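Sequences and hints are given; from them, build the entire structure.
Protein chains: 2
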Amino acid sequence: MLKLFEYNWQVRQDWFAWCQDVSEEELLKKRTGGIGGILHTLFHVVDVEYSWLCGLQGKPEFTEPFESYASLPKVIDLAARFHEEVHPFVQSWTDEMELKTLADVSPKGEPVTFKYGEIMRHVIAHEIHHMGQLSVWSREIGKVPVTANFIRRGLY
Amino acid sequence: MLKLFEYNWQVRQDWFAWCQDVSEEELLKKRTGGIGGILHTLFHVVDVEYSWLCGLQGKPEFTEPFESYASLPKVIDLAARFHEEVHPFVQSWTDEMELKTLADVSPKGEPVTFKYGEIMRHVIAHEIHHMGQLSVWSREIGKVPVTANFIRRGLY
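Chains as they are written, first to last, in the working numbering: chain A, 371 to 526; chain B, 371 to 526.
It should be emphasised that the hints constitute simulated quantities derived from the structure, not laboratory data.
Note that this is a predicted model, so its numbers are computed, not measured.
Do not take every clue at face value.
The list makes no distinction among identical chains, and a pair is therefore deemed to hold if it is satisfied within one copy or across any two copies.
[Said to hold, decoys possible] Taking lysine-lysine and the PhoX-like style, the derived pairs with C-alpha atoms no more than 25 angstroms apart in a straight line are: (1) LYS429 x LYS444; (2) LYS478 x LYS513; (3) LYS513 x LYS444; (4) LYS444 x LYS399; (5) LYS513 x LYS399; (6) LYS429 x LYS485.
In structure tokens, the structure reads:
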């Protein structure tokens, strides 16, 4: 489980580095698909990872809007701050936690339950999916995207 | 490990169903980013999953070009045929296989090695990343994309 989180964290840092050469206008521009913008997407994956992992730890979710963090340094800072809390939880993951139950509320307000292992995989897939969207937008502005390769990253 | 493969297989089937309402022209149209087209992307994820998993089993890779399969029924057939071979291998995965070593050759022709667990995660992330690209192209042609959610798929 940890390896795919490490992959996401590495890819995310690569995208933050990629953003350094892109104008704020391009980072904030409204785009077709996904959450609708490059920096907003990076904010969104940081938010979603943190909020679900808070849920698994019985801590309150993050609920602030993107508008409060709409600059590259602010999103990078937020990611670093949340990482401090997220990393120890992911690192301490054990197979016994897989089938623990999380009680939640559906978007329609109905009670639902999830397994902890289900949420962890949801968070992993969520970020990879959104990075795929960034790769299209990257080509649209004429830049080479961050590689999505899991191999050749020193993860093994 | 199996759960993320099951997720990818389910999402892939959802995209095949999504394709049924899209003209062949749109499916084959050259697009910006990734492998450059919707059907070509679906062919590519099927090819890459199969080829890597063949590598792990000491079987020859698939080397045919997209041009030989450039219609929706052909890609769906190929995916089903490959799935017959891929599914038992993924299902029989055990933790002991994680650190087995695969000897391979780099794009530059140099010998390289990978761990089996590394390749399995590479294949998982590869498909999710490309489905993110499909989601952008889906919005570009005015269609709602397949959900990338891992939760609420009956996987647990």
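Item to check | Homo-oligomer pair classification [LYS444, LYS429; C-alpha up to 25 angstroms] | outcome: within (23 angstroms within a copy, 49 angstroms between copies)
Checklist entry - Given a CA cutoff of 25 angstroms, do LYS513 and LYS444 count as a within-copy pair, a between-copy pair, both, or neither? => result Within one copy, since 23 angstroms is at most 25 angstroms while 33 angstroms is not.
Checklist entry - Can you tell me if LYS444 and LYS399 fall within 25 angstroms by alpha carbon in one copy, between copies, both or neither? => result This pair counts as within: shortest intra-copy Cα distance 17 angstroms, inter-copy 38 angstroms.
Next on the checklist: Treating 25 angstroms as the Cα threshold, decide for LYS429 and LYS485: within, between, both or neither.
Outcome noted: Answer is within: at 17 angstroms inside a copy they meet the 25 angstroms cutoff, but 36 angstroms across does not.
Item to check | Alpha-carbon proximity context of LYS513 and LYS399, limit 25 angstroms | outcome: Both. Shortest intra-copy (15 angstroms) and inter-copy (21 angstroms) distances satisfy the 25 angstroms Cα cut-off.
Checklist entry - From the Cα coordinates, with 25 angstroms as the cut-off, is the pair LYS478 and LYS513 best called within, between, both, or neither? => result For LYS478 and LYS513, only the inter-copy Cα distance (24 angstroms) is at most 25 angstroms; the intra-copy one is 40 angstroms.
Figure legend: structure checked against the earlier numbered hints; every hint is met.
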